[in-house]
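Asker: Chain by chain, the residues:
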Amino acid sequence: MNLLHYIQGRRKGKEAHRIEREAMQDAFLREALEGFESVESDHATAIRRMQQQITDRSHPKGRRILLRLSVAASVALVIGFGWYFLLHETPQTSVLSEATPTETPVNSMRKDKKLAATEQALRQESKESAMQDRSQQRAGSPSAPPAAANSEMIVEEMDISAVELMEMEEAGTEAPVEPVTPKPEEPFDELQKPTPAVAEALQGKAKDVLIREASSPKAARQIRGKVVDESGDPMPGVNIAVKNRAAGVVTDAEGGFALNVDDHATLQASFIGYETQEIKVDTSQLLIAMHEDARQLDEVVVVGYGVQRKASVIGSAVAVEESEPQTIVPEPTIGRRAYRKYLRESLIAPTDGECAGMKGKVRIRFNIDSGGRPHNLQVIRKLCDSADREAMRLITEGCDWTQGNTEVTVTVDF
Amino acid sequence: MHKAGQPGKSTLADEELLSLYRTTGNAEYFGELYHRYIPLVYGLCLKYLQHAENAQDAVMQLYEDLAAKLDRYDIKVFRTWLYSVAKNHCLQMLRKEKHEIRVDFDVQIMESDMFFHLFDERRDEEQFEALRKCMEQLPEPQRISISKFFMDEMSYADIVDDTGYRLKSVKSYIQNGKRNLKICIEKQISQ
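If you read the protein sequences in the order shown, they are chains A and B. Each step along the first sequence adds one to the number in the working numbering, with nothing skipped, and position 256 is 256. Each step along the second sequence adds one to the number in the working numbering, with nothing skipped, and position 36 is 450.
Bound-form chain A, shown alone:
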């Protein structure tokens, strides 16, 4: 017998006993059973519905993987976008028809490609959101995003994801864009094809997005590049900015980047400890070599949180000579204040006999590994067993840390 049967009320016999006895030794199971007993509802149906939703979400339907590659936030908004149209179909179509197309013929080919990619993504999302939507409505909690007020923002986001989709398409290696054809054997057949009205709305919207991009002066073209250091090794994390514009990207793990720029734009590649490189864009493939900047390094001052140029530091920071070993204390990536807040708010006060109601401090010393995760945790000030464990848990499950060359000590108040 499984847990579901037990939840549904079949509570007799050896199997039921087994679950009950397990719950005595397993806090997870025990608390779950307490939960099912304390709230009256059809739990088994709810569980099956959620399991179905998880299966739907995690099952690769065509281009799912491609979407995961794009920024998570924009994916979320694209989902919202899909919902938005399904729920506000008619009014939105009429608004869209007012948009005046001003596209230039030069770019129309590229835009068609982009349009196709965007539309694929939208269609994919709308299909999935239609399914989710249906089950959401069944559950009686429609969670449609607030539509009208957000439409501008959604459009902005779409712009980004359209560009990303196109880049991936052009790269052509990891994520080829293929047309999504409805599979007849799937039970959601009627939902696969958007209704004509929805398709029209989607198309209109996608056009609107592309028009905005095209209307910027000296239309963008895509360049790709790679950043290497003096020995030719790729440099991840280098800031690539377009001079005099807000746009910019950071190089990936292989030192690669892709960016849409105007013709004759200038790129600036910068990385702490290296000379900033300026490169005129004249080809669509760039190789940027960075040179170490010895001078810049002795101007770097440790200020407790992050690293700043000397010129921008006011107050009591002291310049450290390069010859002395510098102490760089790792910092929580979310910042000290947010980290203290995290410790305060995520703490689960122990309730066992030894520790219940105990007040005091637990101090833990640890190192940060190359992945930014705490390791070698040592309790250097104990309170009681479960408080010590709770403090360790908070740190292990907490945010990543910046790199440093010394250990960190964190005090958790109980």
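These are calculated hints, taken from the structure and not from any lab test. Watch out, some of these pointers could steer you wrong.
[To be verified] Partner residues aside, some chain B positions facing chain A, computed with beta carbon under 8 Å:
hint, residue
1, G457
2, V491
3, S498
4, D576
5, Y579
[Said to hold, decoys possible] Below, simulated DSS-like cross-link-like pairs (lysine-lysine); rule was C-alpha separation at most 25 Å, straight line:
hint, chain 1, residue 1, chain 2, residue 2
6, A, K14, B, K585
7, B, K501, A, K361
8, A, K12, B, K585
9, B, K582, A, K14
10, A, K341, B, K501
11, B, K601, A, K359
12, A, K341, B, K483
13, B, K547, B, K601
[Claimed, not checked] Below, a sample of chain A positions facing chain B; criterion: calculated Cβ distance under 8 Å:
hint, residue
14, K12
15, A27
16, A32
17, L33
18, E34
19, I272
20, E275
21, R340
22, R344
23, I348
24, E397
25, G398
Since we're looking at a predicted model, the values are computed, not measured. All C-beta atoms in this analysis are idealised placements derived from N, C-alpha and C, irrespective of residue type, glycine included.
Go by the hints and put chain B onto chain A.
Answerer: Below, chain B alone, put in the same frame as chain A:
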């Protein structure tokens, strides 16, 4: 793309699914893993949120959150990790809504394995003798409930049928009986 569609995915251990998800990034693996724990996570959320729809939202939200940032964690045992993450998530939701959090001081203390071994087939004489003595000292309802649960392997509902006690009483007889037994046996053995 359909690698994960192999049969037998459901027979993989939690940690195997987890490492497959980490190496392939295929959401199906994590979906399968999370699927297993939905009943537990949902029950846990029900306990803290006391509201079926909110608990369902929490279950789905946790899935999205975890799928996105799983690789930032060094997870040894997925089950215990998920337990603490899910519990935290629900407590966090309560804090956000500024509800008062009821702290359950009646939480059962995790029993050491020693207690459960008392009722196993092979036990040492000294402990068995102690158990026998202590059982005799228990008040009758506790003794009956304990012996039916641990020795006859009856469920709570079976015991209710058998004895006519109320369900709540059976649970507390067993709970209190266990505590009394433990204290008594420890005293016996240390003598």
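Asker: Any hints from earlier that this structure breaks? Give me their numbers in increasing order, please.
Answerer: 2, 4, 5, 11, 19, 20, 21, 22 and 25
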